[in-house]
Amino acid sequence: MLQVRWCKTLAIALASIMLFGLAATGAEVSVTYSRPEDIVNLDPFDHFHLSNWTVEKCIYDYLVDVERDGTVTPKLATKWEVSSDGTEWTFHLREGVKFHNGEVFDSTAVKVSLERLLTEKLRLSGLWPTLSEIKVIDPMTVTLKFSAPNSAVLSNLSLTAMLPPKAFQEKGKALFEQPIGIGPYEFVEWLPKQRVVMKKYDAYWGKKGIADKIIYLPIFEDSTRIAGVRTGEIDIADTIPADQAVALANDPTMDIIRDLAWDQIFLMFKCDKPPFNDKRVREAISLAIDRKGIVEHLVGGGLPSRGLIPKGVLGYSEEIPVPVRDIEKAKALIKESGAQGTKISIIAPQGTYPKTNEVLQAIRAQVAETGLDVTIQIMDVSAFAERRGAGNYDMFYVGGASVGGDVDWLVGTRIIGDAFKSGFNNPEIVAAWRKARETMDRNDRGKVLTEAMKVMNKEYAPMIFVYQMENIYMVRKGVDGAVFRGDKITDLRYVTK
Amino acid sequence: MAKYLFRRLAYCGLVLLGVSLIVFFILHLAPGDPVYLLVADGSPDEVLEAMRQKVGLDKPLYEQYWIFISGVLKGDLGESLFFQQKNLKIILQHLGPTAILTFSAVFVSLAISIPLGVFAGLKKGSMLDFFSMFLALLGQSMSPVWLGILLMYLFSIKLQWLPPFGYGSVKHLILPAITLGAPLAALITRMTRSGMVDVLQEDYILAMRAKGVPEKKINFRYALKNVLIPVVTIVGIQIGTFLGGAVVTETIFGWPGVGRLAVSAIMSRDFPLVQGIILIVSALFVLINTVVDILYTFIDPRMKLFE
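Top line first, the protein sequences correspond to chains L and V.
First residue of the first sequence: 256, per my numbering; consecutive thereafter.
First residue of the second sequence: 7, per my numbering; consecutive thereafter.
In isolation and in its complexed conformation, chain L is listed as follows (with noise of 0.2 Å):
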């Protein structure tokens, strides 16, 4: 008797499994993107977190939007002025705009937005240095001051979000439970470590997204990762290491995407101290180190640098040439410099690069060959961080993002205001970089960047680059739409399935 009932209850359990499971699929199109890490939290201000832009992107609308290949579009503003002087920016906005809850976009949301920028202590305060005041001209009009002229504006406000001015004011931080956004896809939960889920925004002013839903899985293995994308589970996955991507390059079920970064592995020198603050030195470690052997060899992707600007921001140029190993130049100049035997350490963070550990055994060995003894420290990210913003290395080894597009918030943080305290000592290479941040034509600001990769390259200071990393993504053959950039702030606002 009793095995009847089990057997029942068991079969009406099983058969309600499965009409659920029917019933959940439906006709809603979902795409899943993943990538191995999380969004930091839901302030849209108070992050520098990529993860965090991309999945912004969706939810809220920008003053402008910066494309793929560095191109500014109007979006919530429609046109714009610059003042001679480079530090006033008037923006004209966009009519008939509404926020998710029915507020009206307009010059208060600007101001209420980016006042934040001055008033509270921000992450991406670190982005407005400058900014001095929000004017409200008349409701569709905006000036923006500044306390020096900045021709990187454009693109930090594509990173800078608007906010619904009343929800903000009434509601204060509290409001960044439940976003409200103003983009083609509105915010639905975000479970930490888990996913966020968005979905469609049909009453968006400008082209609707397509489809239903999109959620974004924060997935941190990588095996795990690229097994969703094989069993479906996930559409795009981004992150791919490259010998997996090789491996399945020829699986039918998927597209591998190759993607140059406009980030760089760079090493810095702590220059106000022996060895490094004789330039010989620095020249010959520069000229020992063999990038394109690196790039071709042990990363299996990405370009061999040549300054500063990675390619496809604005300023590079294939003018200047990659440096070439030159080994008897390098035991040269060391000899002449009398650094022979000198101790250095090479810092780097752990796990955030990679093949971290590899590149950096190639240039230990390149570099140990000039006659320097060379040892290399890998630690955990926040060791690594604290030793580097207190000035306490030889040389580190990092990675540096243009992010947005552009390259002026690395120049600003790591030349201009020399955040890392390599106590570098030139004002030629100071004075180039700040003549790019004030030349605000576009096509002039490319010669000026130009040139002051030059300058510095000329001086080996304060630091050198080794290579440009590239981004490879997994997609789904019929997953369409996704825009990868080189920030890695990927553009899923118009993915379909």
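To be clear, the hints were calculated from the coordinates, so they are not data collected in a lab.
Certain hints may be false.
DSS-like cross-link-like pairs, simulated, lysine-lysine; straight-line CA separation at most 30 Å [said to hold, decoys possible]:
1. V:K92 / L:K454
2. L:K421 / V:K95
3. L:K752 / V:K164
4. V:K65 / L:K468
5. V:K60 / L:K376
6. L:K426 / V:K223
7. L:K426 / V:K92
8. L:K534 / L:K590
9. L:K421 / V:K60
10. L:K598 / L:K566
11. L:K428 / V:K65
With the Cβ distance kept under 8 Å, some of the chain L side facing chain V (calculated, not the full set) [unchecked claim]:
12. A458
13. G461
14. T486
All C-beta atoms in this analysis are idealised placements derived from N, C-alpha and C, irrespective of residue type, glycine included.
Given the coordinates of chain L, assemble chain V onto it according to the supplied hints.
Positioned in the frame of chain L, the structure of chain V alone reads:
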């Protein structure tokens, strides 16, 4: 009983205090300042200092510890530096999945290993015995990393029977539970088997046979009870360990558990969160051991809780 429990609780309190002190000091003495990870890369010193003040890291160590402990006594485990949410909320969100995984793994392990071990012990030298010991060897030799990825490859990619990762249904639980439980199952099988063999050689077993007690009753009611004592101890400790961090399994299968949370909190030096996690997990561990000790008295009446 009440006096005993009260004494145990007092001991628990002392243990937790000691653990929290040690963890606090190790965390702060290790190189690595979380402030650098809380601000944009390359921020100037003023920004770093401002952030340090904002999160209270500029205060002297003893003051920071006191703030933490006094918070705990009020039920407030502080706020995570990186998530900007209350630690207790974050930990409980992750503890649920870990608990589910832990108990499933233990359940699956015991369901397989105890019967297997008992029959292997009863039929010592048979094919079943040989087969069980072989399986046990496999289970103990295979690292969870390898086993997990292997299972994923076989059941998710090739056969497409189960999802490769995630959290939310029984289907998602199967592979992680097997991966986590395999080494435990192997150990318990061997312990049960050798325990069975030893116990069956005891005099009282012979006496019972002489008295005419049925074989089945001897094996399952009397012998097994004695075999289970060390098993209960091991399982109790293992549950504590699993709750604290089946990190590898959780990472591979994308299981949103406490282990993975703890590791990433430690890597980013999220001091308040690490302290909160360690405190809660230690409390659970101590609690489970207390429960195990009480459980003993039901299995073995010779063991008394107190003299």
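Margin query: Of the numbered hints stated earlier in the document, which are not met by this structure?
Written below: Structure breaks hints 4, 6, 10, 12 and 13.
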